[in-house]
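Novice: Here are the chains, one letter per residue:
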Amino acid sequence: MKWYVIRRVLWAAFASFIILTITFVLMDQVPNQQLMQAEFQAAVNDVDVETAVQAEKERLGLDRPFHERYLDFMTNVFQGDWGWSYEYDQPVVDVVRETVPYSLLYGVPAIVLSTVIGTAIGLYSAVNQYTKKDYAATFAAFFGISIPNFWFGIVLLVVFGSWLGWVPIGWNADIPLAADGSWTLLETAGSDHPAFFRQDFEGERYVGILSPANLKQLILPTFVLMTGAIASVMRYARAEALEYVDADFVKTAKSKGVSNRAIVTKHIFRPASIPLMTILVGRILGLVLFGSYLIEVVFGIPGIGLASFQAIIRQDTDLVAITILLPTFVAIVGNLIEDIMYAVLDPRIDYGDR
Amino acid sequence: MSTRDDTTDVRDVPTERDDQPLLKISNLHTYFRTDSEDVRAVDGVSLTVDPGETVAIVGESGSGKTVASEAITRLFKSPPGYIPEGSIEINGREITDLSDEELRRVRGGEVSHVFQNPQGALNPVYTIGWQIREALQLHADVSKSEARERAVELLTQVGIPEASSRLDDYPHEFSGGMKQRVLIAIALACEPDLLIADEPTTALDVTIQAQILELLAELQEQRDMGMLFITHDLGVVAEIADRVAVMYAGKIMEKGSVEDVFETPAHPYTRALLDCLPGRGGIGGIPGELPDPRSPPPGCRFADRCRHAIDACRTGDQPGMHRVGDAPDHTTSCVHFEPGRDSSTVLDAGSEPAGSPSPPDDLERGGRR
Ligand code: SF4
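Line by line, the protein sequences give chains Y and G.
Here the first sequence is numbered in numbering that gives the first Met the number 0, starting from 0 and rising by one per residue.
Here the second sequence is numbered in numbering that gives the first Met the number 0, starting from 0 and rising by one per residue.
Excised from the complex, chain Y in its bound form:
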C-alpha cells in the first residue's frame, strides 16, 4: 500500500513536469507582449526598433539560451512566481488568489449538491429499472445534459431576474466581503460598505458569504452549474449501480433477509461507489471548471473563469497559461486522490507491494 501510494505520487509529479515543459515550449512560441510593446514604443518614439527590442530582450533575460530560461521558468513556477498580468497590472498569483474564491462560492455547493442528488437519483433509477420512474429520471437527465449551460443561465436570468425580479441581475462582488475588502462569513455593515454603493439607507445590512443577499445571487449560477453535473452523475451512478442490481451477491443478500433499502445502500451502493469515485472526482471537477467559464461570463461573476475568458480575449499570456494549468493540476491531484481512495476502498486491488 505504501509503495503503491509512493508510485502514484511519483507518477503525478512526472505528469506535472511534462505538462509544465509543454507549456513552456508553447509559451516560448507565442509572441511576447512586452517585446511587442517595446517595439511599439520604439516606433512611436522614433528610435531604432531593433536596438530597443534587443535591449528589452536583455532586460527580460530572453537572450539567454533555451535551457537556462527553461530552468528559470521551472524554478519560478515552484516558487509561486507565475508571471505578470498586464490586464490586472499585478502578479498572476494575486489575480488567482482574488478570483478563485468567487468561483468556489458557487462551484463547491454545486459539486456537493450535484454529487449527492445525482447519485441518489441514479441509484433510484437503477433499482427501478424499466419502470416509469426510471424513464422519467433518465429523460430528465438527458434533458439536463442537452441544455447548454450559458443558454440556460440566460433564460433563468431573464425569467427570474428581469420578469419576476426575484434575483438581482447584476452580480455584486462586494457583498461577500467585509468593509475592508477581506472575506467574511457574516456581518453587518452600514451604507458606506462598497456593496451598497450609491444606495442610501438607515441602519445596517448583512454582508458576507452567508448573507441573504449573497446566497440569493448564488442560487442561479449554482443551479445552472448543477443541472449538467447532476445529469452526468446520475447517468454514471445508474450505469454503475445497474451492474450490481442483478449481481449474484445481491440475490444472496436478499435471500438472507436484508431489507430493500439496505440492499441498495450497502450491497449495491458500496461496490458501485468505488468506480463512481473515479468518475466523479475527475469528470465532475472538469465539468465544473469548464462550465464555470460561460457561467461566470453570463452572470458576471469575477471568478477564475471570467478572468481566464478575458485573458484569452486580451492576450494576457501569463494569465491564460496559469488559468489553463490550474485545472490541469487540479485534475492530476484529483486523479491521485481518486486512485488512493480506490485502493483504500476496494479490497480487490493488488497494490503490487514488495
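These are computed hints drawn from the structure, not numbers from a lab.
These numbers come from a predicted model, not from an experiment.
Glycine is no exception: its CB is placed at the ideal position from the N, C-alpha and C atoms.
Be careful, since some hints might not be right.
[To be verified] So the derived label-pair ranges between C-beta atoms look like this:
hint : chain 1 : residue 1 : chain 2 : residue 2 : range
1    : Y       : 129       : G       : 232       : 30 to 36 Å
2    : G       : 98        : Y       : 134       : 26 to 32 Å
3    : Y       : 132       : G       : 306       : 49 to 55 Å
4    : Y       : 142       : G       : 98        : 33 to 39 Å
5    : G       : 98        : Y       : 332       : 19 to 25 Å
6    : Y       : 259       : G       : 222       : 46 to 52 Å
7    : G       : 163       : Y       : 2         : 27 to 33 Å
8    : Y       : 92        : G       : 163       : 35 to 41 Å
9    : G       : 346       : Y       : 132       : 53 to 59 Å
10   : Y       : 115       : G       : 155       : 40 to 46 Å
11   : G       : 210       : Y       : 132       : 42 to 48 Å
12   : G       : 155       : Y       : 18        : 24 to 30 Å
13   : G       : 59        : Y       : 116       : 44 to 50 Å
14   : G       : 59        : Y       : 115       : 44 to 50 Å
Position chain G with the ligand against the provided structure of chain Y, taking the given hints into account.
Specialist: The following block gives chain G with the ligand in isolation, referenced to the frame of chain Y:
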C-alpha cells in the same frame, strides 16, 4: 388460493407420514410479464418436503426448476415476475400472501438459499466475517462479539481451516469451493428449517463437488434440516436425495422416492433423462426442444419429443399424476399410466433416446438399473 389442481393431485395418494410437512407447495404458478404473453416458468407445481428430508427437483435448464425454488421466498425479480396462483406453506403457515417485511423474516430465518455460482455470490467489498454477521444480526439480537464467535463456529463447521483468522479476509482471497462453504455457512447462520440449494456444485471442480455434497448431507443430518435440492444431474440426485421430482416445461412429470424412480422410471421424459446418464448408452441428450413457455400446446408438454405419444396426449390438460405400480408415493403425469391403460407400453420399451432410431451398435439397450 386454490390448493387443488386436477393435473397434480399427488395428495390423493395415501402416505404414511402424518406429521405436518415442512414445506408444502400446492399448484404453484410463477409467471413473468413480457411485452406479449406471460412466460409461464412454473405452471402448477405441487411438492412437499418433510423435516430432515432431501427432495431433489431435477430438470433441464429452462424447465422452471430454479424459478420454482426462488418462488418459495419470492426471490425472483418482481416485476416482471409474479405468482398468479398457488400456495406455499412453511410449517403450516401460508407465505404467498406475506408482506415484504414478513417475508424478510422468513428469508434467511426459516428458509435459506445456496446458489449455483459461488464466484459472484459474495459481496466483493465486505469481509466474509461481515457478511456472516449481517445474516446473524438480521434475525437475532446478537452483539458484535457474539456474532463473531458464532461466525467462527459456522466457518469451522463448514470446513474452513483456521476460521478465526479468516474472518477479516475478503471473498477474492477464497477459492470457489471455499466460497461455497462460506455461503453455506451464511445460509446456515440462523438455523433454517429448510435449505434450498440451487445447483450448488455445478460451478465447481469435480473433486470439490463431491466434498460440497458430502458437507451438505452431513450438515443436514446434524441439524435435521429439510433440503430442497435443485439440479440437472441425476447422478447427484441418486447420491443425495430421498425423493425426487422431475420437472419439464414448468410442470412436474414424475415424482417419487429416489429408489422407485431410478428402479422403475415411468415417465418417458425421466426414462430419456436416465438414458443420457454416462454409462447408459445414450449420448447427446434428448432430441427436440422445450415447448414455447408463452403458449404451451394443449395436452402433455412432452408430447413433441415423446416417442410414446398417442392422440390422447395432445388434447386437454397435462395428464394427471397417476400412480406407478404399488409404490406409495411414486406418481407420473402420463396418459399411459391412467387406470385402464397399459403402462407396460412405456415401462417395457427399449431405452433408446426418444424419437431417434436406435443405433445398431448400442449395446446397453434396454438396460435399466
Ligand atoms: S402423456 Fe403422452 S406425450 Fe406425455 S409423456 Fe405420456 S405418452 Fe408421452
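Novice: Each hint: holds or not?
Specialist: Verification of the supplied hints:
At roughly 34 Å, the beta-carbon separation of residue 129/Y and residue 232/G lies within the given 30 to 36 Å, and the hint holds. For the pair residue 98/G and residue 134/Y, the supplied restraint of 26 to 32 Å holds, since their beta-carbon distance comes to about 27 Å. The beta-carbon spacing between residue 132/Y and residue 306/G, approximately 51 Å, falls within the hinted interval of 49 to 55 Å. Under the hint 33 to 39 Å, the C-beta atoms of residue 142/Y and residue 98/G, about 37 Å apart, fit the expected range.
In this structure the hint that residue 98/G and residue 332/Y lie 19 to 25 Å apart at CB is violated, the actual value being about 50 Å. Checked against the hint of 46 to 52 Å, the pair residue 259/Y and residue 222/G fails, with Cβ atoms roughly 29 Å apart. For the hinted restraint 27 to 33 Å between residue 163/G and residue 2/Y, the CB-CB distance of approximately 29 Å keeps it satisfied. Between residue 92/Y and residue 163/G the CB atoms are about 58 Å apart, so this pair departs from the stated range of 35 to 41 Å.
The supplied range of 53 to 59 Å is met by residue 346/G and residue 132/Y, whose beta-carbon atoms lie about 56 Å from each other. Between residue 115/Y and residue 155/G the beta carbons are some 43 Å apart, a value that agrees with the proposed interval 40 to 46 Å. As the Cβ distance of residue 210/G to residue 132/Y is approximately 46 Å, the hint placing it in 42 to 48 Å holds. The beta-carbon spacing between residue 155/G and residue 18/Y, approximately 56 Å, falls outside the hinted interval of 24 to 30 Å.
In this structure the hint that residue 59/G and residue 116/Y lie 44 to 50 Å apart at CB holds, the actual value being about 47 Å. Distance hint check for residue 59/G and residue 115/Y: the Cβ-Cβ separation is about 48 Å, which falls inside the suggested range of 44 to 50 Å.
Hint compliance for this structure: hints 5, 6, 8 and 12 are not met, and every other hint is.
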